Amino acid sequence: MERAIVLGCSAIGAGLAMIGGLGPGIGEGYAVGKTIEAIARQPEAQGDCTRTMFIGVAMAESTGIYSFVVALLLMFANPFIGKL
Amino acid sequence: MLNARITDFFSIDLGTIIPTLLNTIILFLILKHFLFGRVNKVLEDRKNAVAKTYGDADAALENAQKLETEYSQKLEKAKEESAEILKNAAKKAQQRSDEIIDEAKSEASAIMAKAGSEIEREKKRALNQVKDEITDIAYNMASKVVGREVSEADSDRLIEEFIDNVGK
Amino acid sequence: MFCAANVAAEASSEIVHGPKVVFEIPLFGGISITETTVIGWVLIAVIFFLCLWLTHDLKKVPEKKRQVIAEMAVEFVNNMVKTSMGEKFMGYAPYIAALIVFSASGSLVGLLGLRSMTADINVTATWALMTFALITYNKFRANGALGYLKSFTKPIFLLAPINILSEVATPASMAFRHFGNIAGGMVITTLLYMALGALSNLLHLEFVLGPFTLDVAAVGIPAVLSVYFDLFSACIQAYIFSTLTMVYVSSAAE
Numbered sequence: 001m002e003r004a005i006v007l008g009c010s011a012i013g014a015g016l017a018m019i020g021g022l023g024p025g026i027g028e029g030y031a032v033g034k035t036i037e038a039i040a041r042q043p044e045a046q047g048d049c050t051r052t053m054f055i056g057v058a059m060a061e062s063t064g065i066y067s068f069v070v071a072l073l074l075m076f077a078n079p080f081i082g083k084l
Numbered sequence: 001m002l003n004a005r006i007t008d009f010f011s012i013d014l015g016t017i018i019p020t021l022l023n024t025i026i027l028f029l030i031l032k033h034f035l036f037g038r039v040n041k042v043l044e045d046r047k048n049a050v051a052k053t054y055g056d057a058d059a060a061l062e063n064a065q066k067l068e069t070e071y072s073q074k075l076e077k078a079k080e081e082s083a084e085i086l087k088n089a090a091k092k093a094q095q096r097s098d099e100i101i102d103e104a105k106s107e108a109s110a111i112m113a114k115a116g117s118e119i120e121r122e123k124k125r126a127l128n129q130v131k132d133e134i135t136d137i138a139y140n141m142a143s144k145v146v147g148r149e150v151s152e153a154d155s156d157r158l159i160e161e162f163i164d165n166v167g168k
Numbered sequence: 001m002f003c004a005a006n007v008a009a010e011a012s013s014e015i016v017h018g019p020k021v022v023f024e025i026p027l028f029g030g031i032s033i034t035e036t037t038v039i040g041w042v043l044i045a046v047i048f049f050l051c052l053w054l055t056h057d058l059k060k061v062p063e064k065k066r067q068v069i070a071e072m073a074v075e076f077v078n079n080m081v082k083t084s085m086g087e088k089f090m091g092y093a094p095y096i097a098a099l100i101v102f103s104a105s106g107s108l109v110g111l112l113g114l115r116s117m118t119a120d121i122n123v124t125a126t127w128a129l130m131t132f133a134l135i136t137y138n139k140f141r142a143n144g145a146l147g148y149l150k151s152f153t154k155p156i157f158l159l160a161p162i163n164i165l166s167e168v169a170t171p172a173s174m175a176f177r178h179f180g181n182i183a184g185g186m187v188i189t190t191l192l193y194m195a196l197g198a199l200s201n202l203l204h205l206e207f208v209l210g211p212f213t214l215d216v217a218a219v220g221i222p223a224v225l226s227v228y229f230d231l232f233s234a235c236i237q238a239y240i241f242s243t244l245t246m247v248y249v250s251s252a253a254e
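Chains as they are written, first to last, in my numbering: chain A, 1 to 84; chain B, 1 to 168; chain C, 1 to 254.
Just so you know, these hints were derived from the structure itself, not from any lab. None of these values were measured; they are calculated from a predicted model. Treat the hints with care, as some may be off.
Here are the simulated lysine-lysine pairs, DSS-like style, with alpha carbons at most 25 Å apart [said to hold, decoys possible]: (1) K47/B to K154/C; (2) K144/B to K131/B; (3) K139/C to K47/B; (4) K64/C to K41/B; (5) K65/C to K47/B; (6) K47/B to K20/C; (7) K87/B to K77/B; (8) K60/C to K32/B.
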């Protein structure tokens, strides 16, 4: 019973953790939009803009990745079951 | 391998951390000695060689420019010298010709003067000769006319007087 | 560690698991050498021989393509270090190159069907700790021990716990970013393979050839995700990790 509760709560927690994916999604979309604006204004700087955007996007993604890691932990390496 | 133990998805164990640390350090050393050391050395060599080539070319160019200016200076000097020489020669020739002309002139004038004095002397001599002859003639005539011997002194005085009067 | 009584938990830990233990060294109560370490050794050997081959006989005027490749690689890293850190940090170039090469190749072995080296938190944590050590060393050298300690009490001493937290957060975020990207990609790919296997099982498109199972649905579709999660993510995470290392270290020396 306890195990079932812990597992269920862990699953819910994993799902909740993935809400953290919202932030990077918005942020990355904003970054890409701004990059496209910049490229439209200065097409010759496309290479630089794209490179910088990829780095920035990968950085912004890290918060989402953290929540994803938490979700993965709750699903595949649940630390709470061991406490039972 | 089949019944190998599987570690957890998320577990920290020093058995992996320490080998990874050593691996990374070993890889760093490998890259440092076998890639970066060698390639950087070659790049440095090439940079030095290029710099040396450029330096040599610059030096050669500079040298050539120096030589050119030197030669042009020398040429200029030679021209000046030749002009000087020509000028000097012309001057000398002018001087010489002037001298020659002067000499000729003075010689000519000397000759003229000499000739003049000779003429004068000849004239005087001729005059004296004429005088003497006239004196003789006069003396003879007078002696014939007078018929007597006029004293020497008297005759001379008379003749002189006569001639002077005739000459006038 | 887990009592693994729960079937679901057991099943899930079969799907997604850490690296296998290849062998154990019977020292200090048994050091387990995992797949990660062995792949690292293999990669180091490969890189070592690649370096030897690339720099076999270097000429002042490059004659062979491999010398051009070696020079391009070295110049790429040198330029990166020069623009991010400045001339006086050129000694870090081989370390940055080691990070890039190890990280990228360690992630890219996932393409060969091996377990990605960087999908192990121990590896990224090690690198993050190395970066942290370099940051701390540079801070010590630039400010002295007292100045280093004093830098935590800025702007006021009340903020010291937050400063210490942010100091620790730097390597933690670096480690988790790298690990999360690669491991997340691995998990998603694994789950996708499972889902596609189930799909082909459902559509009776599963052919069993001895020990191998061919899932028709699993042909082609995972390649699209693999391009992102294995190729793109692997390269860009290696680049980001090394760039962050350079930025942190050079700003620590100020």
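Pair hint K87/B and K77/B, alpha-carbon separation not exceeding 25 Å | Cα-Cα ~15 Å, so holds.
Agreement of K47/B and K154/C with the hint, judged by alpha carbon distance not exceeding 25 Å | Violated: K47/B and K154/C sit about 46 Å apart, past 25 Å.
Under the criterion that the straight-line Cα-Cα distance not exceed 25 Å, is the pair K144/B, K131/B satisfied?
-> Holds, at roughly 19 Å.
Is the hinted pair K139/C and K47/B satisfied, with a Cα-Cα distance of at most 25 Å?
-> Violated, because 34 Å separates the two Cα atoms, which is more than 25 Å.
Between K64/C and K41/B, does the CA-CA distance stay at or below 25 Å?
-> Answer holds: K64/C to K41/B is near 17 Å, not above 25 Å.
Assess, step by step, whether the Cα of K60/C is no farther than 25 Å from the Cα of K32/B, and give holds or violated.
-> Status holds; Cα separation ~20 Å.
Keeping to a limit of 25 Å between CA atoms, is the pair of K47/B and K20/C held or broken?
-> 49 Å, violated
For the pair supplied as a hint, K65/C and K47/B, is the alpha-carbon distance within the 25 Å limit?
-> The given pair, whose Cα atoms are some 20 Å apart, holds under the 25 Å limit.
Comparing the model with each numbered hint stated earlier shows that hints 1, 3, 6 do not hold.
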